[in-house]
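Trainee: Go ahead and model the full structure; you've got the sequences and the hints to work with.
Next come the chains, spelled out residue by residue.
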Amino acid sequence: MVLGAEASFLNPDKLLLLVVLAATCGCIIASMVAARAGSVPRIRRIAGLEAVEEAVGRATEMGRPILFVPGIQDMDNPMTVAGITVLSRVAGTAAQYDATLDVPVSRSLVMQAARESVQAAALQAGQPDWYDPERIRYITDEQFGYAAYAAGAMARDKPAACFYMGCFFAESLILAENGNAIGAIQIAGTAETAQLPFFVASCDYTLIGEEFFAASAYLSGAPDQLGTLRGQDIAKGLIALALVGGVVMATMKVLSPGAVPASPAEVAP
Amino acid sequence: MSRSIALLICLVGGLTMLVSPFLPMATGWANEVTDWFNILAAMAFVLGGGSLLKVQLMRLSARGPGWGYSAVTLLAFVVTLWVGLGKVGVVADASAPAVAWSGKPDDEGSAFWWIYLYVMTPITSTLFAVLAFYVASAAFRAFRAKNLEATLLLVTAFIILLGRTFAGVVLTGWLPDWASGLRLENLAVTIMDVFNTAGNRAIIIGIALGVASTGIRLMLGLDRSYLGGDA
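Chain order of the listed sequences is A and B.
Residues in the first sequence are numbered consecutively from 14, following our numbering.
Residues in the second sequence are numbered consecutively from 413, following our numbering.
One or more of the hints may lead you astray.
Quick list of in silico lysine to any residue cross-link-like pairs, SDA-like style, CA-CA up to 25 Å [what the hints assert, rightly or not]:
| # | chain 1 | residue 1 | chain 2 | residue 2 |
| --- | --- | --- | --- | --- |
| 1 | A | K249 | B | V431 |
| 2 | A | K27 | B | R613 |
| 3 | B | K466 | A | D170 |
| 4 | A | K27 | B | L427 |
| 5 | A | K171 | B | V542 |
| 6 | A | K266 | B | T609 |
| 7 | B | K466 | A | P141 |
| 8 | A | K249 | B | L427 |
| 9 | B | K466 | A | Y144 |
| 10 | A | K171 | B | A620 |
| 11 | B | K466 | A | V213 |
| 12 | A | K266 | A | L30 |
| 13 | A | K27 | B | T439 |
| 14 | B | K499 | B | V542 |
| 15 | A | K27 | B | A620 |
| 16 | A | K249 | B | V606 |
| 17 | A | K171 | B | L472 |
| 18 | A | K249 | B | F434 |
| 19 | A | K266 | B | G627 |
| 20 | B | K499 | B | A483 |
| 21 | A | K249 | B | M631 |
| 22 | A | K27 | B | I615 |
| 23 | B | K558 | A | I195 |
| 24 | B | K466 | A | Q86 |
| 25 | B | K499 | A | D154 |
| 26 | A | K171 | B | V484 |
| 27 | B | K466 | A | R77 |
| 28 | A | K27 | B | G627 |
| 29 | B | K499 | B | P534 |
| 30 | B | K516 | A | E155 |
| 31 | A | K266 | B | R595 |
| 32 | B | K466 | A | R169 |
| 33 | B | K499 | A | E155 |
| 34 | B | K466 | A | D115 |
| 35 | B | K516 | B | M455 |
| 36 | B | K558 | A | D154 |
| 37 | A | K27 | B | G426 |
Taking CB as the label site, the calculated pair distances span [as the list claims (entries may be wrong)]:
| # | chain 1 | residue 1 | chain 2 | residue 2 | range |
| --- | --- | --- | --- | --- | --- |
| 38 | B | L566 | A | V267 | 33 to 43 Å |
| 39 | A | S269 | B | G585 | 50 to 60 Å |
| 40 | B | E520 | A | G76 | 47 to 57 Å |
None of these hints come from the bench; they were simulated from the model.
From the three backbone atoms N, C-alpha and C, an ideal C-beta is built for every residue, glycine too.
Mentor: Written as structure tokens, this is what we have:
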């Protein structure tokens, strides 16, 4: 009985996944601790994030608003959280320049989080009066209803800068093409691989996958956050080594004389 | 204080989601967390609806540009809410035929179902169909051969376009078997299975690591910008 209880404590089917997860988290946490101790990594320049200030400045000069779209998913999606962290930086810069920032959202919880974030950014920028909660408003949960609103807002208000940071699906191209049509400077970031080509084709800058998740750390410049990026790279190196090792072993197995097929798929003609 | 509680909830929720796949005794915990999130999201919907009503009413009362759209939005909002909550036209469920409201609001034949099928679906489909034109205009810009990379993109796109249609078979079907790999339909498959899959997997590995790193930053409270606080 006791033995059975011990055996069922961990899911045996997912032990390998647990080891990989532990190794990845270990790399990230160790790098974070090292960065706190003074070993701060140097991060390569990310053009899309460097352009945030340029985009906000352009909108200010032209006297036109900035549109920020934090995706169409809720706060349980890591892309939305990453989008909100970028929003706080954009809001801080917009508050400094006294530029108008419009944030239409498609989820009520995202509206609340975005309001908190923008208000705090305005306070930090020393411009508490700049914050207007009505500029961060809920539109609809409906995907194309939201896209129709955003496209209409672009046509009416002609924002000088458009940010698309979060989780997007088919509406990505509707948003980006409308932004392109009004001549706005466009910066996008998402981890939805199917939408990346659309953003790359239509936007001036695109944060691809992990760049998007690194944005928060990059913009904050905090050593411990930057350290987590180094941890990511170390984990990536380990995964690459495992991949190469796996390829070599699989190749050796196939090439070795008298190799026994391991699965029915290999026996199949 | 409130921020500390929020961080604690984030830590507990994150850890629960993290361990639940690995501990059989914790299998149901992730569902519990998800249920709590759904309850919160449902409560927040009231705030969202309130924001929508407030903004549209303000625009309507100010008679600003586009106030007519606000009137349409408000009318649609109120009518749909009334039809849904009032279960207008809902047929009683077979299990309780004597109770008029026992059916679901979106059951076939109800007013809510009618609105969804004959108003919402056509509008959504129309907007989705417009995507075809956006794809064409984006492709036109992306495929201009301005440099080496753009030229490679253009050539690859043409191979895929032709390889996925009958044109590819017609154009290169005459190639002998020993050169069948050069037929457009086979080239398209090779590009998608080898180059595209390899690139996609590289991006996905990066994304997975990015999510892990972001999760750790959030759970440890290093990144608090989503709570309105700086790191």
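Trainee: Starting from K266(A), check that the Cα of L30(A) is at most 25 Å away, please.
Mentor: With a Cα-Cα distance of about 24 Å, the restraint between K266(A) and L30(A) holds, given a limit of 25 Å.
Trainee: Given the hinted pair K249(A) and L427(B), is their alpha-carbon gap at most 25 Å?
Mentor: holds, 23 Å
Trainee: Check the hint pairing K249(A) with F434(B) against an upper bound of 25 Å on the C-alpha distance.
Mentor: At roughly 23 Å apart (the allowed maximum being 25 Å), F434(B) and K249(A) satisfy the hint.
Trainee: CA of K27(A) to CA of A620(B), is that 25 Å or under?
Mentor: With a Cα-Cα distance of about 17 Å, the restraint between K27(A) and A620(B) holds, given a limit of 25 Å.
Trainee: Are K466(B) and R169(A) close enough, with their CA atoms no more than 25 Å apart?
Mentor: holds, 20 Å
Trainee: When you check the alpha-carbon spacing of K466(B) and D170(A), does it fall within 25 Å?
Mentor: holds, 20 Å
Trainee: Please work out if K266(A) and R595(B) have their alpha carbons no farther apart than 25 Å.
Mentor: Violated, at about 32 Å.
Trainee: Tell me if the straight-line CA distance from K499(B) to A483(B) falls inside 25 Å.
Mentor: Holds, because 24 Å separates the two Cα atoms, which is no more than 25 Å.
Trainee: Quickly compare the C-alpha distance for K171(A) and V484(B) to 25 Å and report which way the hint goes.
Mentor: Cα-Cα ~23 Å, so holds.
Trainee: Below or equal to 25 Å on CA atoms is what counts here, so check K499(B) against E155(A).
Mentor: holds, 21 Å
Trainee: Given the hinted pair K516(B) and M455(B), is their Cα-Cα distance within 25 Å?
Mentor: Holds, because 21 Å separates the two Cα atoms, which is no more than 25 Å.
Trainee: Compare the distance between the alpha carbons of K249(A) and V431(B) with 25 Å, and conclude whether the hinted pair is satisfied.
Mentor: Within the cut-off at roughly 22 Å; holds.
Checked against the numbered hints given earlier, the structure breaks hints 10, 11, 14, 19, 31, 36, 39 and satisfies all the rest.
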